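A.B. asks: Listed below, chain by chain, are the residues.
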Amino acid sequence: VTPLVLLALFCSALTGITVVYALLPRRRASRRVLAKLSIGAAVGVTTSGYLFLLTLMFAGGGAMTMVVLDLAALLIALMIFSASRRLDTAHEVPMLDQPSPSLLGRWLLIPVGVALAMALIAGGRYYRADPLGYWDAWTIWNLKARFFYLGGEHWTDAFNPMLTGLWHDYPLLLPLTVSRLWTYNGSDATWVPHLVGMGSLIMTGATMFGLLWAKRGLALASLCVLMWSSAWNLIYWSSTQYADIPMAWLMIAATSCLCLAVTERERPWGWWLLAGLLASAVASTKNEGLLFCIVLAPVAALLAWLRDGKAGWRNALILVASMLPGVLVVLTIKARIGIGDQQYFDGGSAGVMDHLTDWSRHRVILDVAGGKLRDAFDWWMLLPLTGLAVATGVNRNSAQRIAALGCLLIVLLMAGGYYFALLNSRMDLTWHTRTSAERLALQVWPLLCVGVFMLLRSYEELKRASVIEASVVAPAKSDAPTADDRAAGI
Amino acid sequence: MKAVRKGGFYRRILLVACAVALSLRALWVGVDAIADTHRPMAERRRQPTVAATHYERYASLKQHIAPKRGIIGFVTQNPTEADALGRYAIARYALAPLVITNSTDSATIIADFPSPRALDAYAQQHRFQVRLYDATTGLAILNNPERYSR
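Chains as they are written, first to last, in the working numbering: chain A, 1 to 490; chain B, 1 to 150.
Source of the hints: derived by calculation from the structure; they are not laboratory data.
All values reported here derive from a predicted model rather than from experimental measurement.
Treat the hints with care, as some may be off.
Stated by the list, open to error - Not the full set, but computed from the structure, chain A residues with beta-carbon under 8 Å of chain B: (1) Val114; (2) Ala115; (3) Ala119; (4) Asp157.
The C-beta atom is built at its ideal place from N, Cα and C for all residues, glycine as well.
Full structure from sequences and hints, please.
C.D. replies: Take a look at the structure:
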C-alpha cells in the first residue's frame, strides 16, 4: 500500500469523522467512539467518491483537482465542526461513570482479533490466486473504474451502449472509489480494489462492534462479530472485489445510526440525519440500495413513532430529507445514462401477477436459494445462539428493543424485496438465484446479527444481576434503564 | 436465595460455553479459508478463471494499438468455446478505455487466435490485413480496409 493511498483513505475518513463529530453532542470519552469513527469513515468514503465524480465531470479526473477538492472538503468539515462546537458549548454531555469491561469481554477480544487477522490472511491468499477478482469485478465494477481512471476526458465511454452486458445502470460509488485511489496511487494496481473489499469487511466488523459495544457491552459486541464472521463464504466474497461487502458496510453503518437515533437521548437528530445520508450512500453502491432506502423510510417512521409517539414524525422527516438528495443523484445518473434495467420484467402489473402466481418459480427460488444458504450458513449455529438467549434473557431496555425490532424488520423487508425481484427476473431463474442468493444474504447478515444481539441482555448486566440477587435484593422487572444503560447515557 | 444465585451462576457458565463455541467456530472458518478446505469453497476456487490466464497477454499488445481512444472490434478463433465470452470480456477490461465490441465492424480488430494458420485463413476469408501478430500470446491486430475506406 503506497503512502499516497493511505493518505487518501485517511483524508476521506477524517472528513467524515469530523462531520459526524460536528453533528453529535460533545463527550469527553465514551463507548460510542468506535461506532462514531466507523460511521464517520463510511460518510467520508462516500463523500470522496462523489467528489471524484465532480473531478471527472469538470476536470476529466485530474489529480490536482481531486486533491484540491479533497482538501477543501476536509477544510469545510473542520469549519463546520469548529462552528458547531462554538455554538454548542452549553450542550456538553456530562461524563458518566462507565462500568469497566468484564473479564469475559476482554478475553473475547482475542478470538475477534485472531478471526479478523485470519480473514485478512485468507483474503490475501485469494488475491494471490485471482488478482483481478471474480467475474463481475472485471466485467462491471473495475472495468468502469478503469474507464474513469484511464479515460481522461473520455471517461463517459464507460457508458457506451456498444459495451454490452456492462449493466450501465449499476450505481457508481464503488468504481469511483477505486478509480480515486488509483489516481492517488498513480497506477491501476490490482491490489486497490482488493483493499477496498477487505477494508469494507473489517469496517463492517468494526461498525457492528462499535454499536454493540456502546449499547450491549464488550462481551456481546465480541460475540456478535464472532457470529457474523462465522459465515463460510464471507471472506471469499470480500476478496472477489464485488460491491456486496462495501454495500453491507454502508448498510450496517446506516442501520447503526438508526439504532443510535432510537436509543440516544441527547441530540438524536444528528443520528437520524446520518442514517439518511448513509442510506443514500447504500443506494449509490448497488441497486439493492434503492430497495434499502424504500424499506428504511417506513421502518424509521415506525421506530420514531414507537420511541416518541406523534412527536417522532419530525425525526423520520429528517431521515427522509437527508436521504432524498443522494437518492435523486443516483436516479438522475441512471436517467442520464439512459439505459434501462435489463434484469427484470417490466410487463406491468399483469406480468407481475403472472410471476407471483407461477408456483414453479417460487419452487425454483426456494430450492436453489435454500441450497446456497445451507452452504453458506450452518444451521447448528443456532445452538450457541439459543444457548446465549437462554443464558442472558431478553434485553430490558425498551429503546434498545425497539432498535432491535428495526434491524430485524429491515432484514425481513429486504429479504421480501429480494424474493420479489427474483420472481420477476428476466434471466434464467435458476442461474440468477444461484449466483445471487449468497451475496444477498451476506448483505443483510450484519443487520440480522446486530438485531439478534441487541435483543439480548448483556453479560455485564447478567453478572451484576446475579450479584444483586445473591445479596437478597429482588431483581428489577421493569422497563426502566439498567445501571449499565444509565452508564451508557440512555 | 441460594438457588437464585446458583441459577445465575449456571447461566453465566452457559454463556461462557456459548462464547467458546462461537469463538472456535469463527477460528475454524478462518483456518478453513486459509487452508481452503471447505468443500463448496474449494470447488468454487478450482473453477478456471480466464482473467488470471489472459489478462497478462494484452500487456505488450496495448502499445501497438492506435488510436488510443474509440471503438475497436474483437474476434476469437473459436467463438463457440466455453471461454469465448470470457476472452472477449478480459480483452475489454485489459484494453480499456478503448471500447471493445464483440464484432468485426470496426477499422481495427483485435484477434485472439492461438493458431497462426487459423488467423491467416480467417484474414484471407474476410479480406482483413494482419498488422501485427504475436505468436507467444496468440494475439493479433487486424485492419479492416472496408472500414478504413468509408
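A.B. asks: Sort out which numbered hints this structure fails and list those numbers smallest first.
C.D. replies: none
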